[in-house]
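Top to bottom, those sequences are chains A and B. Counting from 1, position 19 in the first sequence corresponds to residue 10 in the working numbering; the numbering is continuous, with no gaps. Counting from 1, position 194 in the second sequence corresponds to residue 204 in the working numbering; the numbering is continuous, with no gaps.
No lab work stands behind these hints: they were computed from the structure. Fair warning: there could be bad hints in the mix.
Covered by chain B, according to a simulated footprint, are these stretches of chain A (three or more residues, beta-carbon under 8 Å) [to be verified]:
1. 36 to 50
2. 74 to 81
3. 103 to 111
4. 117 to 127
5. 183 to 193
6. 197 to 207
Positions of the beta carbon are idealized from the N, C-alpha and C atoms, including for glycine.
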Amino acid sequence: MRVRAAGIGTAAAAAVVLALLPFALSAYHQALAAQVGTFFVAILGLNILTGYTGQISIGHGAFMAIGGYTTAVLSRDHHTNLVLTMAAAFAICFCCGLLVGLPALRLAGVYLALATFAFAVSVPQVPLKFSKYLGGSGGVQSAKTVGHLWLYGVSWTTAAVLFVLAWLILRGRTGRAFRAVRDSEVAATSSGVQLPVYKTLAFGISAAFAGVAGSLFVMGTNGFAQPSEFGILLSLQILVGAAVAGLGSLWGVLAGAAFIGLLPTVSSDVPLIGSTHGQDVVFGLIVIVIMLLLPNGVAGLLARLARTRARGLNRGSI
Amino acid sequence: MSALAHRIGLRRRRSDRGVSLPVLAALAAACVFIVIGCLSSNIFAEQTVAGLAQGAVYASLALALVLIYRATEVINFAQGEMAMASVYIAYQLLQWGFSYWEAFFVTLAVALVLGIVIQVVLIRPVQHKSVIAVVIVTVGLFILIDGLVNWKWGGDIKFMQAPFGNKLYHVGAVTIARQDIGTLVITIGSVLILWILFQYTKLGLAMRAAALRPAAAALVGVRVDWMLAIGWGLAAVLGAVAGLMAEPSQFVLQPTLMQPILLYAFAAAVLGGLESPAGAVVGGLTIGVFLNLVGQYVHFITSELRLPFAFAVLLGVLVVKPTGLLGRGKVRKV
């Protein structure tokens, strides 16, 4: 109980800090912080799938692309309110996730990684083919663009709502089923967990989160949805963020999002590597070093610290 | 040598060769279909030869993936980027005034060393942790190599000397590019050399032993760790061959050179069976020819849909026959 109170306290403190933060930031940093919020949502989604259900996906950039294009197209053709398009992205990507989850039922481990990788490479080609509706390589421009403060508010509010949603899903029966699938499919089946149902459900939920992230992502790029923005590197970044966050933990997600959102900017200030591509070098290096030194990510580190500081105190379930 | 093979049980019984009769029949039927097509239509024949050349590139990259997968159960997502980096090394050597074939062989040597170093420094420490950890390390490597190349050489388009020139041959009414023939000869040649290495040398036997039965191999004195590292080195060499042969067909050199080819190689490896080297070669050639013919005759599949179509093939194989054409099913204990 004490741990849960501490958890809620931390969440509340984080919420207050995030709510007050924009007033201390310049417009540029607000946009940057909004981007961190976007990655937060995407990593949260991937964590539900990979961290909690044990199904690896290198294809979440593709779901972000679907969500982003949903927003841009709805806004361009119907002038839909941008917040409503996020709901549409959620619903559409949920369905897409279920569809991708169906063949994924037969795959595990590296095979699933391969299939989702191929998915991530393939999806950005679709707008090029159907350039009449999806704008080709030039992309789709949504009817409305938003300011930095608006974007910050919306992305972190969304992040908070989805965080609570993820927490509610994962703490109950569904979350237990997910974790059972991750830890042992055989044991889960023999305890009555229906593998097909829960695996596809995890895919659906996870894709829906990524879709919302994609929609926020498009709002952050001045309302432009472009195929080149959703390349394979985006999928890899999200996976890396989830790994840095620590799979199977909700608390590390913030660290993972900050890592992939801020590192490029931070490292560009460092002399010698301060070119656009120096960032990628640093990014790749840090990812590898983190996997070598902290295989369980920031969450693993936090857990280890907590264990050494207060032995005997039960850890929270999330 | 055969005593060693016998002692650690490498010899397989004839019965589990893995190539089932229906698969053989289907492959034979496909070959017959293609031969008939080539005889009856010039365009068909030209597309087939071009497809074989592209397929040979996919096949050698797929073989690199399969070698690593067999030895360490790791899918190296950075394989394509490693190949791309090798092409840039060759580019640099050409700039320094090497002739093409000098640069070619020096690049292969560099790739061998780099492959070994990467395995020893980066992969070995995480190898026995989770699948996810290894995948993420190779993903990190992907980003790292991509960044390094962009940093050193820039992302703009570069031009490289074509190794085989632009000559065209005419066989009857069929036009065949010298470059396609050259690509086929070099890639298939390197695959054959590798096969001889694995099949007929002591090093090859030790490497097979280390991959298939590590514990038993270690007991009879094979240095398993080194064998795995050399396996990564050889895979990097194959990748470099694939990259160098892929570059002329793209006409220009840029850092995204190998990203689509990696996907085709994945599809090829899965089609052939991730565990089967012969399957990777068959799969690569099949994918190359198939994509070219489909692109020629199915008008909906334009060049933009080539990648999604390869994805569909990959997904189809994984769902219908996950062991691939030449792979064998795995029995898993629960």
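Hint check results:
Counting residues of the stretch 36 to 50 of chain A whose C-beta sits closer than 8 Å to any C-beta of chain B gives 3, which meets the bar of three, so the coverage hint holds. For the stretch 74 to 81 of chain A, the stated coverage by chain B is violated: 0 residues have a C-beta nearer than 8 Å to a C-beta of that chain, whereas at least 3 were required. Remark: the stretch 103 to 111 of chain A is confirmed as covered by chain B, as 6 of its residues place a Cβ nearer than 8 Å to a Cβ of that chain, reaching the required three. Residue count for the stretch 117 to 127 of chain A with a Cβ under 8 Å from a Cβ of chain B: 3. That meets the three needed, and the coverage hint holds.
Coverage of the stretch 183 to 193 of chain A by chain B is violated [criterion: at least 3 residues with CB-CB distance below 8 Å; count 0]. Counting residues of the stretch 197 to 207 of chain A whose CB lies closer than 8 Å to any CB of chain B gives 0, which falls below the minimum of 3, so the coverage claim is violated.
In terms of the numbered hints stated before, the structure departs from hints 2, 5, 6, listed from lowest to highest.
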